[in-house]
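Construct all of the structure, not just a fragment, from the sequences and the given hints.
If you want the building blocks of each chain, they are given just below.
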Amino acid sequence: MKFIDEFRDPALATELVRRIRATAQQPRVLMEVCGGQTHSLLRHGIDVELQGIVELIHGPGCPVCVTDISAIDLAQQLASLPGVVLASFGDMLRVPASQGSLLTARTAGANVMMVYSPVDAVRHAQRHPEQQVVFFAVGFETTAPATALAVLQAHQLGLENFSLLVSHVRVQPAMEALMQAPDNRVQGFLAAGHVCSITGYDAYDDFAQRYRVPVVVTGFEPVDLLQGILECVTQLESGTAEVRNTYGRSVTRFGNPAAQRVVETVYEIDDRAWRGFGVISAGGYKLRDQYETFDAPRRFGLTRSTETNDSATAQRCRAGEVLSGRLKPCDCPEFGMACTPDSPLGAPMVSSEGACAAWFRYHRGSKL
Amino acid sequence: MNEPMLWNRNCPIPIAADAERISLAHGEGARLSRRLISEIILPRFAATANRRFADAAIVTTIGCRLAICTDSHTVSPMFFPGGDLGSLSVYGTVNDLAVTGAYPRWLTMSLIIEEGLPIAILERILDSAGHAARECKVTIVAGDTKVVPRGAADGLFINTSGVGEMMDPVPPGPQSILVGDKILVSGPIGRHGIAVMSARESFAFDPAPLSDSGSVIHAVASLRNSVGEHLRTIRDATRGGVSAVLHEWAMECGHTFALTESRIPVTDEVRGACELLGLDPLYVANEGTIIVAVASRFAEIAVTALRHVPGCEQAVIIGEVQSRGISPVTIRRTIGSAQPLDEPSGAPLPRIC
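Residue numbers (this note's numbering), protein chains in the order written: chain A, -13 to 354; chain B, 1288 to 1640.
Don't read these hints as lab results, they were simulated from the structure.
Think of the CB as a built atom: it goes at the ideal place given N, C-alpha and C, for glycine as much as any other residue.
Zero decoy hints are in this set.
Okay, the calculated beta carbon distance ranges per label pair:
| no. | chain 1 | residue 1 | chain 2 | residue 2 | range |
| --- | --- | --- | --- | --- | --- |
| 1 | B | Asp1455 | A | Ser66 | 57 to 63 Å |
| 2 | A | Asp59 | B | Lys1433 | 37 to 43 Å |
| 3 | B | Gly1403 | A | Ile255 | 46 to 52 Å |
| 4 | A | Pro243 | B | Ser1489 | 29 to 35 Å |
| 5 | A | Ser224 | B | Ser1549 | 34 to 40 Å |
| 6 | A | Glu(-8) | B | Thr1348 | 57 to 63 Å |
From chain B, some residues computed to sit far from chain A (all C-beta separations above 12 Å):
| no. | residue |
| --- | --- |
| 7 | Gly1314 |
| 8 | Gly1350 |
| 9 | Leu1465 |
| 10 | Ala1582 |
| 11 | Ile1604 |
| 12 | Ser1610 |
This is the structure in C-alpha cells:
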C-alpha cells in the first residue's frame, strides 16, 4: 500500500495547504467534478482546512445521483417482469424512485441481483439460460468500457438472454451545462481523474479556452487533491485558463485508446435526461443499431421516457440543486431531518459518491 | 451447460452429483434421524458432547454467577478463508460469553438443515465445530436437528446457546467509561467481513484476505489477569465493526471516542480490498478481534499483556475518551482537526467506480 501512503503524507499535505494559502489573494470557487473527490475532500477535512480561501462546490460526478428517476422506474418495471432478473451495481439498489428503491422492489418479489461487474451478469446469463438477465448499465466514461465489453462478450457467445438498460452519462456536456447556467459561480474545475484515465484530457483544451476556466485533472488522495487545488488557484491568480494534468500517474493526454475503441464500437453519443439538469445534449450513450437487440426496453416492449421525472419524490429531494452546486447539502431543509442514509429521500444521500452522504458522514451537523 | 460435477459455490470442494444428501426423512424422528445424530453428529463432538439421548442435559454448578447467551449463525459462503460456519457458531457464542467476563463452560447446538445439503458438507462443518469446542474447552451438552424443505433455509443455520461462569473482576460495562480512558484493539480490524465478501463474490485477491474468526478467551483472560479492575468494558467488534461498538458505548457513557486513523491496525489485504470497494475498515465485521476500554494509566500494561497472546501481537491503543464534543465518535485523518465518524447504516454496499 506504499503507493497510497505517499499521497496521504501529512507533512506533504500540510505544506500544500500552506502554499495554497500563500498563493490565493482572494477567495476562489472551485468545483471538484467527481463524487469520489468530494468524499475524499470531506473525509480528510480539506474543505475545512481551506475555509475562507477556497470554496469547493461538489460536482455532478456521482453516477448513481445523476441517473434520472425515470430510468430507475424502468429498471423496476423490468425486474418485475416474469422470468427477468435485473443485475445492478450495489449502490444503485437503495436509490428511491417513484415506487421505492430496487431493494424495496426486491422485497416485494422483483428479481434483483447485485453484481460487481457487468461481466458477472454475462456469466450469470450463460449459466441460467432459463432467465432473461438485464444489466442496469449506469456510470460515466469510466464504466462504459466494461459494459460495452459485456455486450461484445454476449454477442460473441450468441447469448439471447442478456440485455442492457443503458443509462450511461458523459461528463463534459454536464460541465458545459454548468458553465452556461446564468448563476454559475465555478471559477475552476478539478476534472475527474478516473474519467480522464479513459478519455484523456485533450478534449478539455477547447472547453478551457471557450469558458476561460482552468481545468486541472486531479486524483483522489489528499495530496492529489491539494495539488489540483494549488494548480487551479495559481492559474486564477495569474489570469490563465489552461488544462493541466496533476494526476500523471494514471492519466495521459489521449487516455486509453483500447477502452475508447470498445465504447465507440458498441455505443453512440445521445441526449440523456440527467437528474437535476434536465436533458443534456450529447449527455449520454445509447447502443448502436448493430447492437440494438441488446437493448432491454426494446426487447421487452417498454418505452423509455426522454424527459426527466419530476414526481413528488423527486421534488422533495433537491438533488438537482446539489448536483449543480447551487445548494450545499447542509442547507437543504430535509438534510439530516427527513433525509438520512438510513431513509434517503434521494440518491445523493445513498451513494458512496453522493455529496449529501459525504456531508452527513463527515460533517454531520456542522455548517460550513 | 452440462457439468459432470455440481460445483457448490459455498464450498471449495466439488461435490459429486450422486453424493449422499440430507433428506426430509432425516428430520422425522425415526431411524434416519437417530442415525444422523449417532453416526454423523455425536462422534464429532466425542470429547465434548453429552452422549445421552435425553430431553435435557443436567450440569453441575459450583455456586457462582452464570452468564447465558444465544446466537444464530448463518454465513454465505459456509466456508471462507480462515474459517467456516461450524467454528464460527462456536466462537461466536464463546466470545459473547468471554467479553461479558465469563469463562465459557457449556453450549447447546441446534442445526436447521436445508433438504439436499450434502452430508459431506455437514460433516466438515461439524468437524470444525467440534475442533473449535475442544480448543475452547466447552462441552456441547444438548442439541437439536431440524430438516426444512429445499428453499426454506440457505443450506445450514446453526444456533448455539452458551453458559459461562462469571470470573472476577467483572468489567462493569460501558457506562463506567471515564474521560481520559484509552481504547485499544487486539489486532488488525475488518478481516472477517472482507474475507467473507471476497469469498462470496469470488474476488481473486492475492493473497486472499483471511478471517480473524477465533476465540477471544485467552485475550480476555490476559486482560483480566493484568489490569483486572481497571477494565471498563470489552466487546467483540462483529457486525458494524469498530464504529458500531464505539457508537453504542458513546450512547451509554455520554462521552466522545476520539480515534487516530494512523494508529488503527489494518492489514494490507484488507486495506487494498477496502480501497477497491470503497469501504472503510472501521465499519467492517470482525469475529475474533476485541475492542477494550481501559483506565488510561493501565493501557500500556493491557497492550503488553495482549501482545503475549497468540493472534494479538498487533494489539494497540487506537484512541481515547474525551468529554462529549462535536460527535460521539471522531477520527483524526491526514491533516487538520478531528472529524465526526458516522454510525454504520445498513450493510456496506460497494461503489460503482
